[in-house]
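Student: Okay, here's what each chain looks like letter by letter:
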Amino acid sequence: MAEPIAIEGLTKVYSGGATALRDVSLAVDPGTFLVLLGPSGSGKTTLLRSLAGIERITSGTIMIGGTVVADGRVHVPPDRRDASMVFQDYALWPHLRIRDNVAFALRRRRVSRAEARVRAEAMLARVGLGALVERYPNELSGGEQQRVALARALIGDTGLMLCDEPLSNLDADLRERMRVEISALVREAGATTVYITHDQAEAFALADVIGVLERGRLVQFGTPEEIYTAPASPFVARFTGLSGELGVRVLGAQRHGVTEVIPAPVRQAGDTAGPAAGAPGRSFHARSPFDLAGARDGVVMIRPTGIRICSSDDGEHHLAGTVSDVAFRGRGYEHAVDVPGHGRLTGIFADVRASRGQPVGLRLEQAGCLLYPAGSEPPE
Amino acid sequence: MIWTKTHKNLRVVAALAGLGALALAGCTSSAASDQASGAKAKVPLVVYSAQGYDKAMVAAFTKATGIPVKLDDNSTGPLLTQIEASKNNPNWGLLWVDGSTAFAGLDQQGLLVKGYEPSVSFNSLGAKNIPPDKSYVPTGVTLAGAMVYDRTKVTAPPTSWAQITGSQWKGAIGTNDPTQSGPTYPFIAGMMNYLGGVSAGEKFFTRLKANGLVINPTNGPTLQALTTGQIKLAFVQSSAGVGAALGDKKLVVKYLDPVTMLPSCIGIDAKAPAAEQAEAKKFAAFVLSAQGQKVMQSGDPTGDSLYYPVVDGIAPLPALPPLTGVQVQFIDPYKWGSQEAALNTWFVSNVIH
Amino acid sequence: MTDQTDFAVRAPASPGRGQRRLAWPATAGSRLASARLGKTVFWLLLSFFILAPCASFLALAVAPRLFSQGAQWFTLSYLRQTFTGVTALAITNSLWVSCAAAAFGLAVGFPVAWLAARTSLPGRRLVAGGMWLVLLLPSWLPALGWQRLVQPDGVLYRIGLSSPFITHLIMGPFGVVLLLGLRSVPFTFLAVTAGLAGLGQEFEDAARVHGAGRLAALRLIMPILAPAIWSALAINFAESVSDFGVAATLAYSSNFPLGTYQLYAAINNFPPSFPAAAAMGWLLVAAVALPLALQARALRGRSFEVLSGRSRQVVRRQLTRPGTVVAVAGVGLFYLCALGVPGFGAVSGSLLGDLGGSFSLTLANYRAVFHEGGQFGPLARSLGYGTITATITVIGGFVAARFLAQRKTKATRLLDFMLLAAVALPSVVFGAGYIFAYNLPIMSTLGINLYQTVLLLVIAYVAASLPTNARVLVGAVSQLQPSLKDAARAHGAGELAAWARGVLPAVSRPIVMAWLLTFCGTFLELPLSQLLYAPNDPPASVSINDNLSTYHFGVGMAQSVLAVGIALAAVAVVLGGYRLLAPEGWRRIGGTVRG
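Chains as they are written, first to last, in numbering that gives the first Met the number 0: chain W, 0 to 379; chain U, 0 to 352; chain H, 0 to 594.
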C-alpha cells in the first residue's frame with residue numbers, strides 16, 4: 000500500500016561540522032514518483048538515507064504514512080519502516096544466490112521459506128532473470144545485478160521504495176532500457192517512490208514531481224514541466240540543460256512575464272584594457288517568470304530550444320560568432336559557437352552542417368530564453 | 000642502440016647467474032686458499048674445542064711454534080653435530096672436549112687417528128683413560144656428579160648415594176639434562192655401572208624422580224637453582240661446582256663415593272691432510288707439556304681450569320678438594336658410549352617428563 | 000519481456016566478476032630464447048636452494064642409508080619413533096598449543112580490527128602501526144622479556160613482587176599459549192582488516208532496510224567475512240606450529256617440549272640423529288601444510304571480492320563514553336601484554352646486575368656490550384646480514400612476483416604452489432635440510448664447500464625469505480599495468496630508463512615495505528642462525544641466546560634492547576629516507592591497494 004511522505008524542516012549536520020541538509024520541507028501523495036535532482040554533495044543521498052532510516056537526522060520531522068518515523072528524539076529503525084531500497088552499488092550479498100538475495104526481503108512478511116523462494120523466482124522471472132536464479136551475484140553482469148536489486152526491492156510490496164542512483168553504473172544504452180523497466184515495474188507496483196539522480200534527462204523522463212537540491216537546500220519542487228519552463232534560479236536553470244548564458248542589459252519594463260533586453264558583452268578573462276570586443280548585438284525578448292525588481296543588468300539562460308543558427312548577414316540575427324566545433328548527432332548537427340564578448344555557446348542545433356571557423360549568426364527565441372537579475376547568485 | 004626485452008632478460012639472467020657464481024666461488028676460494036697456503040705457508044690447524052681455556056692455549060701454541068690455528072669454540076653438542084654432519088667432507092683437524100664417550104663413538108665410526116702416543120708420562124688418572132687403540136689422548140680429568148651444597152642451609156649432607164633417595168631430600172636434589180649437558184651422561188652411566196647395571200641404575204633414577212628430582216639444562220642453571228634455594232643439593236661437574244664455590248664462600252663441594260671420572264680429551268681427524276695431522280699431534284704434545292699445563296690452569300680459573308692433571312709432576316689448583324679417600328670410578332667409554340642415545344632417551348622420557 | 004541476450008555487455012567496474020587479471024603479455028618472437036633461459040636459470044636456482052636441501056633431508060626419515068646416516072635403505076622406524084616418548088609429547092604439545100593460540104589470536108584480533116576499521120576508536124591510526132611493530136619483532140624477544148620478568152631471581156623478584164603462582168603460570172603451557180597467541184593477533188588483524196575493506200556498509204544497510212534487525216543483519220554479513228576469518232585461523236595455526244623463538248626460549252626454560260625445538264635438539268644434542276630429526280620434520284610440515292591446503296581449497300573459486308571504486312565510505316560507529324573507555328582499555332591491554340610487559344622485562348633486565356638479588360640499576364651491562372669483545376660484533380654482523388639479504392631478496396622476489404603475475408600456465412601454478420609450500424616450511428626444517436644437503440658427498444665432489452660459511456647462511460636467509468617476499472609483492476605487481484612500461488618506451492626511454500621511470504615508482508612503496516619486512520626478519524632471525532652460523536661469527540640472536548644460557552642475563556638483555564633499538568632505527572632511517580628522498584608522486588601510489 001503506497002504511503003504519503005511529509006518532511007518538515009529536515010536538517011542533518013555531520014559530526015565533523017558539515018551540514019548535509021538545511022531545513023528541507025516537502026510532501027508527496029501516495030503513489031507519486033518523486034525524483035531528487037542535484038549535483039554531488041547536494042544532500043540528496045543524505046535525504047534518501049534519512050528516509051530509509053540508515054541515517055539519523057539532527058532536527059526536523061519525517062512522517063511516512065502519517066506516522067512520525069524520525070524527529071529530534073524519535074528514530075524508528077530501518078527494519079521497521081516498511082521501505083525497500085535499490086542501492087547504487089546493488090548491495091547484493093555475495094554469498095547468497097540471487098534467489099536467496101531476493102527472498103530475503105520477504106522475511107518481514109513472515110512468509111515461509113519455500114513460499115519465499117517460489118515468489119522470488121517468480122519476481123526474477125518478471126525482470127527477465129528466470130534462468131539465472133541459481134547464480135551468485137559475482138557471476139552476473141552489471142545490468143543483471145541491477146535487475147536483481149530491483150526484484151528484491153519490489154518483492155516486499157512495501158509502501159515506500161527508495162532508489163539511490165541505480166542507473167549510474169551502467170552503460171548508456173543499457174541505462175535507457177533499464178529506466179523504462181524501472182518506470183514500468185514501479186508504477187505497476189504502485190508504491191511511493193523516491194529516486195535520486197544527477198542526470199536531468201533521466202529525472203525529467205521518470206518523475207511525477209522533482210525536488211531540486213543545492214547544497215543541502217531544496218531550491219525548487221514541482222513537476223518536470225514547471226522546472227523546465229520556470230526554473231526558480233540560475234542554478235536550477237543551469238542544472239536542467241543550457242546552451243549557454245548571456246549577459247544582458249534590461250531595456251524595457253517587465254510585462255506579462257516578458258522583458259526586452261539587449262546583449263551586453265562582458266570583459267573576458269585575459270582581455271587587454273580597452274572597450275570590450277564584439278558588436279553589441281540586437282535586442283530581443285526573454286521570458287522572466289520571476290520579479291526582476293527593477294534590475295538593470297541581467298543574465299539570460301538560453302535553453303537549447305531557444306537558439307538557432309542563421310546567416311550572419313541577413314539582419315535577422317541577434318548575435319554573431321564563429322563556429323568552433325561541429326558534432327553530428329544522427330538527426331542533425333550540434334554546433335559550438337564562440338561569440339566575442341560572451342564566450343562559447345554550445346548545443347546549437349541545425350539540420351545543415353556549418354563548418355568550423357565559419358562565421359554565423361545566432362537567433363534567440365523568446366520561449367527558450369530565461370531572464371534573471373544579474374548577481375542573483377554566484378556562478379558555479 | 001635499442002634495448003629490447005632480450006637485454007632486460009639477459010640482465011636478469013646475469014644477476015641470477017651472478018648469485019650462483021658467488022656460491023660456486025665460495026667453494027672454490029676456500030679450497031684454493033687451502034691449497035695455496037699448503038704450498039707456500041703452513042696449513043692452518045682447525046681446532047674444535049669446548050674448553051674454557053682454549054683461546055689462551057691456542058695463542059700460546061701459535062706463539063711457541065708459529066703454526067696458525069683456526070679455533071672453533073662452541074659447546075660440545077654443536078661441535079659433535081658439525082662433525083657428524085660433515086663427516087663426508089670434514090673441516091676439522093682436532094677435537095678437544097670433555098667426555099670420552101664422544102670420542103669412543105667417533106672412533107667406532109673410524110673417524111679418529113689411531114696409535115698416537117705423545118711422549119709424556121701420564122699419572123694414574125691419565126693412564127686409566129688411554130684407550131686401547133690410542134685413538135684419543137686425555138688432557139685432564141674432572142669428576143661427574145660432584146655434590147655441591149650451601150653449608151649454611153645444609154648442615155648434615157648425605158654421605159652415600161643411597162641416602163639421597165631418602166624422604167628428607169624430597170624435592171631438594173637437582174642435576175642436569177644429559178641431552179644438553181655433556182658431563183651428565185657419564186654421571187648417569189657411572190651410577191649404573193656402580194649399582195650393577197642398566198636396570199639397577201634405572202630403578203635408582205626412577206626413585207630419585209619420585210623423590211622430586213629437579214632437572215635443569217646445564218651446570219649453570221642447576222647451580223643457580225642451588226643458590227636461589229630451589230634445591231639443596233646439586234650434582235654437577237666438579238669444575239663447575241668448585242668454580243661456584245670460589246665465588247660464593249658458603250658453597251661446599253663434596254664427592255660421594257664413588258665419583259665417576261670425566262676426562263677431557265684430544266682426538267685427531269683421520270681424514271685431515273697429513274700436514275694438519277702432524278700439527279695436531281704437536282698441539283696435543285704442547286697441551287700436555289709443562290708450559291701447556293700452566294696455560295690450562297690459568298686460562299679459565301673459575302671454570303675448566305679446575306681440573307685434576309693427568310701428567311706426572313703437575314699439581315691441581317689449590318681450590319680443588321683432594322681425591323684422597325674417594326674412589327674415582329672409571330667407566331669404559333666404548334661400552335657405555337654406544338648406549339648413550341638409548342639411555343639418554345630413557346632418561347628424558349622417564350625422568351624429565 | 001526484455002531480451003536477456005541484449006544485456007550481455009561489458010559492465011564497467013563490474014563488481015565481483017572475478018578480478019580483472021592484468022596479464023603481462025607472454026614474450027614472443029626472438030625474445031623467447033632469452034626469456035626461456037632466464038626462466039630456466041630461475042627454476043634451477045629455486046630447485047638448488049629450496050627444493051633439493053629440504054627434499055634430501057626429509058628423505059632421510061625413511062631412507063637413511065641413502066645419505067650414509069644409517070643402516071637401512073628403507074625404514075619406517077624413525078617415523079614410528081616420533082610417535083613415542085618425548086617427541087610424541089612435543090608434537091602433541093605443539094598441536095594443541097597452536098590451536099589455542101590461533102583461537103586466542105582470533106578472539107583478540109577480530110575485535111581490535113573491527114574497532115579500528117568501523118568505529119570511532121581514539122588512536123585507531125596507531126593501532127595498525129602497533130600491529131606491524133608486534134609483527135616485526137621476532138617471537139623470542141617478547142618471550143625473553145616475559146621470562147626475565149617472572150623467572151626466579153628475575154625482575155619481579157628483585158623488585159620484591161615475586162609470585163610463584165605467576166612464575167609457574169608464565170613459565171609453562173599457559174605462558175607459551177599466551178605468547179604464541181599474542182603473536183597471532185597481528186596476522187588476524189591484517190586478515191580481518193582486509194576482509195572488512197571489502198565489506199561495504201551497503202550490505203548491512205540493505206539488510207536493515209529490507210527488514211533485518213541489527214543482530215540479524217550482522218549474522219547475514221558475517222559469512223562475507225568468513226574467508227578472512229578462516230585465513231586468519233589457518234595462518235595463526237601454521238605460524239604457531241612452525242615457531243622456533245618461543246620454543247627455544249620460554250618453552251625450553253619451562254621444560255615444556257615443542258616440536259620445533261625437539262627437531263633442533265635431535266640435531267644439536269647428544270648424540271645427534273639426522274634421521275630422527277627428519278622424521279619430526281615430516282610431522283611438522285604436515286601439521287603446517289594441512290590447514291593451509293584446506294584453507295586454499297575452501298576458498299578456491301568462490302571469490303567474495305566485491306571491491307568497486309565506488310564503494311561508499313564507511314560510516315564509523317560512534318562509541319558511547321563507557322564503550323570508548325572499554326575499547327581503549329582492551330586495546331591497550333593487548334599492547335601492554337604484547338609489547339609493554341616484555342619491553343619492561345627486557346629493559347629492566349638489562350639494567351640489573353646478574354648477581355646480588357637486589358633491584359639496583361646499573362649501566363654495567365651496556366658497558367660490557369660495548370667494551371667486552373664479541374658482544375657488539377654480532378649486532379653489527381646481523382645488521383650487515385639483514386641489509387644484504389633484504390636487498391637480494393627484494394630483487395629476487397620482484398622477479399618471482401612478475402612470473403606469478405603472468406597468465407596462469409602450468410609453470411606459474413607450480414611456482415605458486417612451491418612458494419606457498421616454502422612459506423609453510425618451518426625454518427628449523429629448512430635449516431636442518433641445509434646442514435644436511437651441503438655436507439653430502441656430492442657437494443664435495445662438485446667442490447662446493449659452503450657448510451659453516453657466511454655465504455651459506457646468507458643464502459639460507461635469502462631462500463627462506465624469498466617466498467614470503469614474492470607473495471607480498473605479487474599483489475602490487477599484478478596491479479601494474481604493462482602499458483606503463485610500454486608508454487615509457489614509446490615516448491623515447493631506453494629499456495633501463497623505462498623500468499626505472501615508468502614501472503618502479505608505481506611499486507616503490509610495496510618494495511620498501513617488503514625490504515623492511517625482510518630486513519627485520521633476518522636481523523633478528525633465530526632458527527637458521529642457530530643452525531647454520533659460521534663458527535666464531537655468531538649473529539645477534541645466537542649471541543644473545545648464548546649469553547642467556549650461560550647465565551649472563553644482564554649482557555644478553557642489554558644486547559636484546561640494543562638490537563631492537565638498531566632495528567627500529569633502521570626502519571626509521573629507511574622510511575624517513577624514503578619520505579624525504581622519494582618524489583611525492585611515488586609515495587601516493589600504492590598507498591591503498593584497493594582497485
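What the hints contain is simulated information worked out from the structure, not anything from laboratory work. Just so we're clear, the structure is a prediction, and the values are computed from it rather than from any experiment. We put the beta carbon where it would ideally sit given N, CA and C, even for glycine. Treat each hint with caution, since some may be false.
As the list claims (entries may be wrong) - Each pair of labels, with its calculated beta carbon distance range:
(1) U:K202 x H:T549: 53 to 61 Å
(2) H:L335 x W:G15: 55 to 63 Å
(3) H:A288 x W:D70: 57 to 65 Å
Claimed, not checked - Short, incomplete list of chain H residues facing chain W, as computed with Cβ under 7 Å:
(4) F202
(5) D204
(6) G210
(7) P222
(8) A288
(9) A292
(10) R380
(11) L382
(12) A410
(13) T411
(14) D415
(15) M417
Student: Of the numbered hints stated previously, which ones are contradicted by the structure, given in increasing order?
Tutor: 1, 2, 8, 9, 10, 11, 12, 13, 14, 15
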